[in-house]
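In order, the protein sequences belong to chains A and B. For what it's worth, our numbering labels the leading residue of the first sequence as 18, then goes sequentially. For what it's worth, our numbering labels the leading residue of the second sequence as 151, then goes sequentially.
These are computed hints drawn from the structure, not numbers from a lab. It cannot be assumed that every hint is accurate.
[What the hints assert, rightly or not] Some but not every residue of chain B turned toward chain A, in silico, with C-beta under 7 Å:
| hint | residue |
| --- | --- |
| 1 | Phe200 |
| 2 | Ala255 |
| 3 | Leu274 |
The model shown is predicted, which means the values in this text are computed figures rather than measured ones. All residues carry an ideal CB built from backbone N, CA and C; glycine is no exception.
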Amino acid sequence: MFALPFVRNALLAGSLIAIASGLLGYFIVLRAQVFAGDALSHVAFTGALAAAAVGVDLRIGLFAATVLMALTFAGLGERARADDVTVGVAFAWILGLGVLFLDLFNASSSGGSGLLGARALFGSIFGLSGGEAALAAVIAAVLIATTLLIARPLLFVSLDPAVAIARGVPARLLGAVFLVLVGADAAEATQAVGALLLLGLLAAPAGAAHRLTARPYLGMAISAAIALASVWIGVALSYRVAALPPSSAIVLVAGAFYVLAFVRAPRLLAGVLRWTR
Amino acid sequence: MNPSFSVNPISDLDQLLQYPFMVHALAAGTIVAVIAALVGWFVVLRRESFVCHTLSVMSFPGASGAALAGLPLASGYFVFAVGGALAIAFGSRIGGKRSATAESAVVGTVGAVALALGFLFLSLYGGILESVETLLFGSFVGITAAQVRTLLVVALLAGGVLAFVGRPLFYASVDERSARADGVPVQALSVVFLVLLGLAVAAIAQIVGVLLTFALLVAPAATAQLVTTRLRLSLALAVTLSVLETWAALTLAYFTNAALGFCLTTISLVLFAAARVARERRG
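This is chain A alone, in the form it adopts within the complex (with noise of 0.2 Å):
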């Protein structure tokens, strides 16, 4: 199956995609902000149909909204986390842009219009050209440099922001950042596993990861694994059964391991701690 080009292009995005999603998610999960990266994840689907209806290339879109929607819920919260409520009414407005765009483009495109909203919903690992594959590598390679580089800081204001804030790091600007990082990461998904279930990839590894350990760079690099881990089996999965969507296969496979956390956790973790001691 490795010497499908087009199997090859799907494990080099997705193996960078799923990493910097798991590092990612491993924070998202920590700040209880999964809800926002959900909402991100959706206005891939609006950017991606704005673009579509404007007829500019569609990751021009799908960047240029996941960003604005960032910084914009980084300006609405305090300590750049907005509440519940607020991503909520926002969310439901983006999809509701989006829906005016579906619309825009149907009218003025006859068809098509089904096949690239469900490729903007559920993505297409198997559909990325060479180029396509290169290009979200390199760009999924930027985002884990920089989540490393900023992890320290901002392990230590999600934790305890009163200390971190007192100690002079900028909290709100690395909540900023962070989301940031988060919504090009949406945009980058996007294109492999599909905006809706982008949330798969950020959420059950990570859930897993902070079931399993409370060490925090150990669960990094584990929620990590579980996410590059899940877009392997995932894809070998849908090659073999050709009824099996990959980006399904995936988020299957990383909820699975999630249940797995959840069984195992007490049995597993003890297991550690003796080996550890």
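Chain A is already provided as a structure; the job is to place chain B on it using the hints.
What follows is chain B alone, placed relative to chain A:
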């Protein structure tokens, strides 16, 4: 004939009501608006918009799963909505205390897995993708009189349950510790509320789509709670806002031919933003 808006409200109303589908849409919209505002008021109070969104998303695997299994669509909606509610309720409680971190991960994972299943069902079913958009974003066009009646029954049921658990639920939502100390079954209430939310969302979403369900549940209640902290007043305000927003959106969509989802969410965003700005001015 094309509808054209004029300054004469009577002729506008005549135009609005000349087709049965608009009459049904207005009737269904009103019922949906009332029940969504009532349930949504508690959603906003409990800061559970994310759960609410996730449960409304359940209608996607619900519908595609039912289509695949050859069952009536409504059964799929209800099974997935209630299943999702229970998964969230118990998932966020396994292994000790309820924490925001664990809960948001559970909710997100449940939502993503449900969507993945929905997409899988859809591709197994081989259905047409256009219907996905209707499913997710909904439309009021094509509501039948029978659906309006079903909706009314569901609304009365949900309203009845809310009237029954409303007081203790309010207590538990506002001050969980005191409520627990007073012997209010806080955990049981939160499970009951999640299931009720699932049922309400399933009933509403199969008629107006995921987007409108979510918008109507969260936005009017959030606006009302920003405007006043007085209990009954904000509840009444939420219902009023919700109904007026729905009517305005239906009228706007009818006369301008814009997508209903866009009209409704824009109106509710503007009102919410206005309420937020006004509140910050007051300090």
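Right, here's what the structure says about each hint:
no., hint, verdict
1, Phe200, "4 Å, holds"
2, Ala255, "3 Å, holds"
3, Leu274, "6 Å, holds"
Checked against the numbered hints listed earlier, the structure breaks none of them; every hint is satisfied.
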